[in-house]
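As you go down the protein sequences, you meet chains A and B in turn. The numbering of the first sequence is full-length UniProt numbering, which starts it at 1 and goes up by one. The numbering of the second sequence is full-length UniProt numbering, which starts it at 1 and goes up by one.
Don't take each hint at face value.
[Claimed, not checked] Looking from chain A toward chain B, a few residues come up when the C-beta cut is under 8 angstroms (computed):
#1 T17
#2 T20
#3 G31
#4 S143
#5 S146
#6 L167
#7 C170
#8 G171
#9 T234
#10 H263
#11 F268
#12 E271
#13 E273
Hints in this document: simulated from the structure, not taken from any laboratory. We put the CB at the ideal spot given by N, CA and C, even for glycine.
There are 2 protein chains.
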Amino acid sequence: MKCGLVAADGAVLHRETRPTPRTVPPRRGGGRAVLDALLETVVELEQKAAADGHRVRAVGVVVPGIIDAENGTVGAENLAWAGTPVRAELQAAVGPDQKVVLAHDVRAGGYAELRQGALTGTTNSLFLPLGTGIAAAMVVDGSLVSGDGYAGELGHTRFVHGDAAELCACGQWGCLETVASAAALARRYGVRTGKAVDGAREVLELLAQGDPDAAAVWSEALEALIDALVLYTTLVAPTRIAIGGGLVGAGETLLAPLREGVHARLTFQREPEIVAAVLGEEAGCLGAALMAWDRVTADETGEQQV
Amino acid sequence: MKCGLVAADGAVLHRETRPTPRTVPPRRGGGRAVLDALLETVVELEQKAAADGHRVRAVGVVVPGIIDAENGTVGAENLAWAGTPVRAELQAAVGPDQKVVLAHDVRAGGYAELRQGALTGTTNSLFLPLGTGIAAAMVVDGSLVSGDGYAGELGHTRFVHGDAAELCACGQWGCLETVASAAALARRYGVRTGKAVDGAREVLELLAQGDPDAAAVWSEALEALIDALVLYTTLVAPTRIAIGGGLVGAGETLLAPLREGVHARLTFQREPEIVAAVLGEEAGCLGAALMAWDRVTADETGEQQV
Numbered sequence: 001m002k003c004g005l006v007a008a009d010g011a012v013l014h015r016e017t018r019p020t021p022r023t024v025p026p027r028r029g030g031g032r033a034v035l036d037a038l039l040e041t042v043v044e045l046e047q048k049a050a051a052d053g054h055r056v057r058a059v060g061v062v063v064p065g066i067i068d069a070e071n072g073t074v075g076a077e078n079l080a081w082a083g084t085p086v087r088a089e090l091q092a093a094v095g096p097d098q099k100v101v102l103a104h105d106v107r108a109g110g111y112a113e114l115r116q117g118a119l120t121g122t123t124n125s126l127f128l129p130l131g132t133g134i135a136a137a138m139v140v141d142g143s144l145v146s147g148d149g150y151a152g153e154l155g156h157t158r159f160v161h162g163d164a165a166e167l168c169a170c171g172q173w174g175c176l177e178t179v180a181s182a183a184a185l186a187r188r189y190g191v192r193t194g195k196a197v198d199g200a201r202e203v204l205e206l207l208a209q210g211d212p213d214a215a216a217v218w219s220e221a222l223e224a225l226i227d228a229l230v231l232y233t234t235l236v237a238p239t240r241i242a243i244g245g246g247l248v249g250a251g252e253t254l255l256a257p258l259r260e261g262v263h264a265r266l267t268f269q270r271e272p273e274i275v276a277a278v279l280g281e282e283a284g285c286l287g288a289a290l291m292a293w294d295r296v297t298a299d300e301t302g303e304q305q306v
Numbered sequence: 001m002k003c004g005l006v007a008a009d010g011a012v013l014h015r016e017t018r019p020t021p022r023t024v025p026p027r028r029g030g031g032r033a034v035l036d037a038l039l040e041t042v043v044e045l046e047q048k049a050a051a052d053g054h055r056v057r058a059v060g061v062v063v064p065g066i067i068d069a070e071n072g073t074v075g076a077e078n079l080a081w082a083g084t085p086v087r088a089e090l091q092a093a094v095g096p097d098q099k100v101v102l103a104h105d106v107r108a109g110g111y112a113e114l115r116q117g118a119l120t121g122t123t124n125s126l127f128l129p130l131g132t133g134i135a136a137a138m139v140v141d142g143s144l145v146s147g148d149g150y151a152g153e154l155g156h157t158r159f160v161h162g163d164a165a166e167l168c169a170c171g172q173w174g175c176l177e178t179v180a181s182a183a184a185l186a187r188r189y190g191v192r193t194g195k196a197v198d199g200a201r202e203v204l205e206l207l208a209q210g211d212p213d214a215a216a217v218w219s220e221a222l223e224a225l226i227d228a229l230v231l232y233t234t235l236v237a238p239t240r241i242a243i244g245g246g247l248v249g250a251g252e253t254l255l256a257p258l259r260e261g262v263h264a265r266l267t268f269q270r271e272p273e274i275v276a277a278v279l280g281e282e283a284g285c286l287g288a289a290l291m292a293w294d295r296v297t298a299d300e301t302g303e304q305q306v
């Protein structure tokens with residue numbers, strides 16, 4: 001769990017990382033343990049803020065799951081949450097004087113990139129982190145898209161067809177995530193060669209050394225990513241696409257072929273810039289705080305919240 | 001050209017249809033002739049309104065093309081327009097007292113369906129007319145998406161892969177429009193059988209009679225459409241999808257397999273209702289008028305325009 005204290009001007013006053021309780025077998029407390037750890041973290045950070053002479057106005061929590069905005073409940077397989085009343089528990093923990101904002105982690109990351117990062121100044125753009133999984137934060141006509149919490153699942157759209165399609169954890173076949181996530185690169189290299197690798201980082205090192213199997217899985221990932229970016233460009237017309245997540249550590253090895261591939265495929269569409277996201281692993285955490293501050297501001301001015 | 005006079009409450013007071021000057025070879029005046037016909041139509045409709053005791057407050061014009069919202073210019077291959085200053089010419093024709101609104105025809109149709117048709121009450125939804133071509137109007141978080149005039153080109157996204165992909169008029173391969181538009185159904189039936197048919201309507205009649213070639217092209221169209229609806233649902237999370245255009249005349253022959261196909265494919269996504277659009281060929285024309293009235297209201301109240 002990445003967490004921190006952020007001032008009204010977006011300055012990060014404190015940051016820390018805490019372990020998330022294990023929810024995979026052997027389960028030790030499951031989703032309740034995760035929620036308890038979250039509540040404990042929030043309370044302890046408030047105490048730290050108070051000790052440092054600050055007053056916490058709002059708490060922003062972002063999770064890799066589907067948020068029911070109306071009820072404040074969250075479903076997140078990786079956290080063993082299903083209809084878990086996260087907002088109510090958080091509100092009870094912090095008391096009635098503080099705002100509580102729940103959001104999706106990738107959308108929060110996209111919001112941080114939009115406000116302070118690679119998407120600054122855009123009104124139609126995309127934040128696409130390529131990490132263990134792939135989800136997207138869509139900026140459309142100046143606003144971050146929520147789709148009632150369901151939008152942006154570009155990673156679970158089919159870009160591998162026919163016999164090459166693999167079953168995704170989501171139950172569909174041929175999803176972008178099965179071929180182009182950091183986890184997929186490592187897994188597919190292992191399946192292809194019978195050799196275990198230490199994550200996508202090692203696949204990229206092998207690629208740099210001219211390993212043909214690394215080149216093959218990389219090329220398949222690029223092809224699916226180019227398809228996805230062309231599709232997104234055709235449908236939603238972003239002016240800029242910021243690639244984030246662990247894979248963007250590959251730099252131009254990733255970005256240059258994406259730019260060339262997209263450029264070659266577009267005909268009538270408006271061509272987007274393709275750039276690296278700039279906020280790294282802090283994006284989601286910072287976005288949570290910015291969204292929480294926005295709620296404070298919106299409630300004070302009567303404006304509609306994000 | 002479909003045109004009419006619409007009251008502030010959305011009631012249609014008058015409607016008529018006029019021919020669009022030919023712009024395909026042999027060209028007779030090209031894009032200028034189309035623009036002149038448009039200006040003449042607008043002026044004559046104003047005269048009719050005045051004769052009937054009405055005052056025209058605003059003019060809404062929708063075109064099947066890409067509109068530069070900033071400059072009011074339009075590019076539309078079918079009208080032989082390229083950077084044509086339609087807004088300025090319209091404004092000059094109607095004088096400074098009237099508002100002029102330019103919009104994309106499919107988006108205007110979607111707006112009419114949202115305000116008075118099959119999408120009423122939705123905040124995340126899709127209008128997908130299947131006609132000579134295929135474009136989409138996207139409603140996201142309560143607003144119609146513009147994407148600076150470029151968004152919604154679901155018809156030019158690749159849903160046919162490998163050797164089966166055909167070259168689309170847009171220059172890309174395997175677009176939805178090459179297999180699932182009304183024009184594509186007729187063309188593909190002709191190519192497959194060597195027999196010319198009188199449009200998609202005849203293909204549907206042959207399908208009803210059990211013609212195996214009609215069944216084959218229909219099945220390929222359905223497969224691509226199901227892919228497109230699953231993709232859109234995964235990425236943008238609509239609660240309702242309204243299918244319009246000529247093909248929706250097929251009724252449940254079209255809608256039932258789309259519903260079944262989408263239902264069978266979705267796993268974690270929110271399942272949308274799939275319904276027929278209700279405003280038919282009038283949708284674009286009505287949407288143009290509603291958008292024009294919105295501009296009048298927005299300017300009077302200081303609200304942001306659609």
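Cross-check of the supplied hints:
1. T17: This interface hint is violated because 28 angstroms lies over the 8 angstroms limit.
2. T20: violated (21 angstroms)
3. G31: With Cβ-Cβ at 17 angstroms, over 8 angstroms, it is violated.
4. S143: With a minimum Cβ separation of about 7 angstroms from chain B (threshold 8 angstroms), the hint on A:S143 holds.
5. S146: holds (6 angstroms)
6. L167: violated (11 angstroms)
7. C170: holds (5 angstroms)
8. G171: Constraint on A:G171 satisfied, holds at 3 angstroms.
9. T234: holds (5 angstroms)
10. H263: violated (13 angstroms)
11. F268: holds (5 angstroms)
12. E271: This hint is violated: A:E271 lies away from chain B, its Cβ roughly 11 angstroms from the closest one there, beyond 8 angstroms.
13. E273: violated (14 angstroms)
Comparing the model with each earlier hint shows violations of hints 1, 2, 3, 6, 10, 12, 13; every other hint is respected.
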